[in-house]
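Those protein sequences? They're chains A and B, same order as listed. The first sequence begins at 0 in numbering that gives the first Met the number 0 and counts up by one. The second sequence begins at 0 in numbering that gives the first Met the number 0 and counts up by one.
Please note: incorrect hints may appear among the correct ones.
Simulated restraints, written as ranges between beta carbons of each label pair [said to hold, decoys possible]: (1) A:N100 x B:P26: 51 to 59 Å; (2) A:R363 x B:M2: 45 to 53 Å; (3) A:R482 x B:A36: 55 to 63 Å; (4) B:R1 x A:F96: 18 to 26 Å; (5) B:A36 x A:G206: 18 to 26 Å; (6) B:I28 x A:V450: 25 to 33 Å; (7) A:A463 x B:R1: 26 to 34 Å; (8) A:W316 x B:A5: 46 to 54 Å; (9) A:G28 x B:I28: 50 to 58 Å; (10) B:R1 x A:H101: 27 to 35 Å; (11) A:T156 x B:R1: 50 to 58 Å; (12) A:L187 x B:I28: 29 to 37 Å; (13) B:A36 x A:A463: 31 to 39 Å.
Simulated from the structure, these hints should not be mistaken for lab results. For every residue, glycine included, the Cβ atom is placed at its ideal position computed from N, Cα and C.
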Amino acid sequence: MNGALVGIAAAALLALGLGFLARRGRQMGLEQWTVAGRSFGAPLVFLLMAGEIYTTFTFLGGSGFAYGKGGPTYYILCYAALAYVMSYFMLPPIWRFARDNHLYSQPDFFVRKYDSPALGLIVALVGIIALVPYLVLQFKGLGIIVEIAGYGALSSTAAVWIGAAVATAYVMVSGVRGSAWTAVAKDLMILFVVVFLGVYFPVHYYGGLGAMFAAIEHAKPGFTVLPSRGESVWWFASTVLLTALGFYMWPHSFGSIYTAKGARVIRLNAIFLPVYQLILLFVFFSGFAAILQVPGLTGTEIDLALLKLSVKAFDPWAVGAIGAAGVLTALVPGSMILMTTATLAANNLYRAFDRSATDARVLRIAKVLVPVVALVALYFTLQGGQTIVALLLMGYSFVTQLFPSLVLSLGRNRWITREGAAAGILAGVATVAAISLTHSTIGTLFPALPVEIKELNVGIIALAVNVVVLVVVSAAARFATARQGGLTRFVD
Amino acid sequence: MRMFRALALLPFLAMLIGPFFVNRATPTIFGLPFLLAWLVAWILLTAAIMAVIFRLDPANRDGSE
Numbered sequence: 000m001n002g003a004l005v006g007i008a009a010a011a012l013l014a015l016g017l018g019f020l021a022r023r024g025r026q027m028g029l030e031q032w033t034v035a036g037r038s039f040g041a042p043l044v045f046l047l048m049a050g051e052i053y054t055t056f057t058f059l060g061g062s063g064f065a066y067g068k069g070g071p072t073y074y075i076l077c078y079a080a081l082a083y084v085m086s087y088f089m090l091p092p093i094w095r096f097a098r099d100n101h102l103y104s105q106p107d108f109f110v111r112k113y114d115s116p117a118l119g120l121i122v123a124l125v126g127i128i129a130l131v132p133y134l135v136l137q138f139k140g141l142g143i144i145v146e147i148a149g150y151g152a153l154s155s156t157a158a159v160w161i162g163a164a165v166a167t168a169y170v171m172v173s174g175v176r177g178s179a180w181t182a183v184a185k186d187l188m189i190l191f192v193v194v195f196l197g198v199y200f201p202v203h204y205y206g207g208l209g210a211m212f213a214a215i216e217h218a219k220p221g222f223t224v225l226p227s228r229g230e231s232v233w234w235f236a237s238t239v240l241l242t243a244l245g246f247y248m249w250p251h252s253f254g255s256i257y258t259a260k261g262a263r264v265i266r267l268n269a270i271f272l273p274v275y276q277l278i279l280l281f282v283f284f285s286g287f288a289a290i291l292q293v294p295g296l297t298g299t300e301i302d303l304a305l306l307k308l309s310v311k312a313f314d315p316w317a318v319g320a321i322g323a324a325g326v327l328t329a330l331v332p333g334s335m336i337l338m339t340t341a342t343l344a345a346n347n348l349y350r351a352f353d354r355s356a357t358d359a360r361v362l363r364i365a366k367v368l369v370p371v372v373a374l375v376a377l378y379f380t381l382q383g384g385q386t387i388v389a390l391l392l393m394g395y396s397f398v399t400q401l402f403p404s405l406v407l408s409l410g411r412n413r414w415i416t417r418e419g420a421a422a423g424i425l426a427g428v429a430t431v432a433a434i435s436l437t438h439s440t441i442g443t444l445f446p447a448l449p450v451e452i453k454e455l456n457v458g459i460i461a462l463a464v465n466v467v468v469l470v471v472v473s474a475a476a477r478f479a480t481a482r483q484g485g486l487t488r489f490v491d
Numbered sequence: 000m001r002m003f004r005a006l007a008l009l010p011f012l013a014m015l016i017g018p019f020f021v022n023r024a025t026p027t028i029f030g031l032p033f034l035l036a037w038l039v040a041w042i043l044l045t046a047a048i049m050a051v052i053f054r055l056d057p058a059n060r061d062g063s064e
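Model the full structure from these sequences, guided by the hints.
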């Protein structure tokens with residue numbers, strides 16, 4: 000075992016230890032396990048919600064995107080900031096409704112709002128289908144980090160198995176508390192590592208930020224802004240908007256809302272989360288620094304930019320520390336996703352068919368499902384195939400389809416029916432699947448459109464289909480009921 | 000009345016519409032390409048705007064949930 004691998008192993012043990020400790024002194028009922036008894040104050044809710052920022056997607060994908068694409072990577076800075084602005088207004092009513100109705104999961108919300116267990120089933124399935132690729136992404140990142148930062152001493156396959164076992168163990172014992180406690184360790188470590196690298200690389204290799212960007216612009220003119228074709232300004236605006244809408248639609252992000260002890264906690268965090276987002280700048284700086292230092296990475300290899308540059312620049316012990324932080328960025332979000340997926344399956348799939356199941360029984364089933372979900376994700380991880388970013392973008396397109404019927408259920412005056420909500424979500428998801436499978440863009444679907452429109456994110460189409468179906472079916476359902484002379488079928 | 004909430008629209012305008020007008024590398028600000036500097040400035044302003052909204056919003060008075 001080399002020095003780097005010792006550091007990485009220590010991080011895994013730390014996560015395991017903290018994850019187990021998090022349970023201390025609690026009786027783990029379903030409400031404790033899934034939403035921590037709705038007891039978290041601002042700091043822990045902050046860390047759970049910020050958990051989305053520092054996943055392997057941003058650590059490897061963010062720096063890799065800066066390395067491979069340049070300017071378009073700035074979209075990652077913006078979408079979460081806009082999502083936090085929306086959160087101030089959108090999340091408190093969700094939190095209040097969830098507390099008053101004792102909800103545990105995202106589909107529960109749709110079941111109660113639209114008074115339709117069938118809709119809950121659909122939402123749960125959409126969530127699970129989107130979460131599994133997200134988990135695969137974390138496992139893949141974990142394998143890459145351990146293999147490179149450990150200098151190949153441990154294969155990525157072995158690393159993925161060990162990582163999955165660690166996350167499974169502490170999630171089964173401590174539920175969401177385990178994720179929250181390990182998130183504390185993760186964010187402290189990653190904060191230090193990312194800021195250090197983002198300052199050190201530009202200064203060490205170029206003499207400063209300005210000199211670095213000047214050197215990049217000299218070598219590749221226009222690389223640090225948005226290109227005029229492809230990932231253009233039109234792509235940027237539409238992608239930021241779509242991902243901002245989808246941000247809180249991830250079942251695990253939605254679930255983190257429930258853990259808050261009050262709505263004020265959520266509103267307060269809307270101030271601080273955008274600033275925290277800026278730490279990502281330093282991730283980008285590392286990726287930009289790698290452009291002229293470790294040139295020649297192409298395709299999926301761009302995800303390796305930050306690690307390759309670290310191996311080039313530092314001694315093994317320091318690479319081990321970077322790898323350790325990286326491992327936590329995979330384990331913590333991975334554990335959140337594991338718990339959420341198991342909860343969806345137990346609370347919203349199983350319970351839909353066994354209505355009389357007690358909370359205790361649902362909890363037992365959820366815990367048994369944790370290793371099952373982990374194994375499914377392991378299977379897809381080791382199968383290979385899709386790149387990291389492709390996986391995430393498809394998942395994002397799926398969960399974004401929940402946005403219209405969620406937002407339209409928050410107002411007092413509701414004219415969307417459960418039929419409309421279900422049809423809209425299904426139509427949107429089907430469109431996403433069709434687009435992904437045929438690798439379509441707006442350009443290939445509508446060749447006659449002006450080039451600016453063709454560069455819009457293709458997810459816009461699915462969302463538009465969703466909204467149109469939602470409105471038409473709701474109107475039709477209202478019309479049909481009105482003719483029957485009863486209004487009882489409408490949601491209150 | 001609740002007009003202060005309209006401030007929340009500014010970050011959307013700045014980050015979605017803004018790049019159409021500021022998509023350029025120069026002048027650099029603190030060494031950052033102009034587009035990046037614009038976005039970073041607006042993220043800081045977003046936090047400031049949310050702080051103002053938080054202070055003005057009666058929902059956040061003491062004793063509220």
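Checklist entry - Against which earlier hints does the structure fall short, listed by number upward? => result Hint check: nothing fails, all pass.
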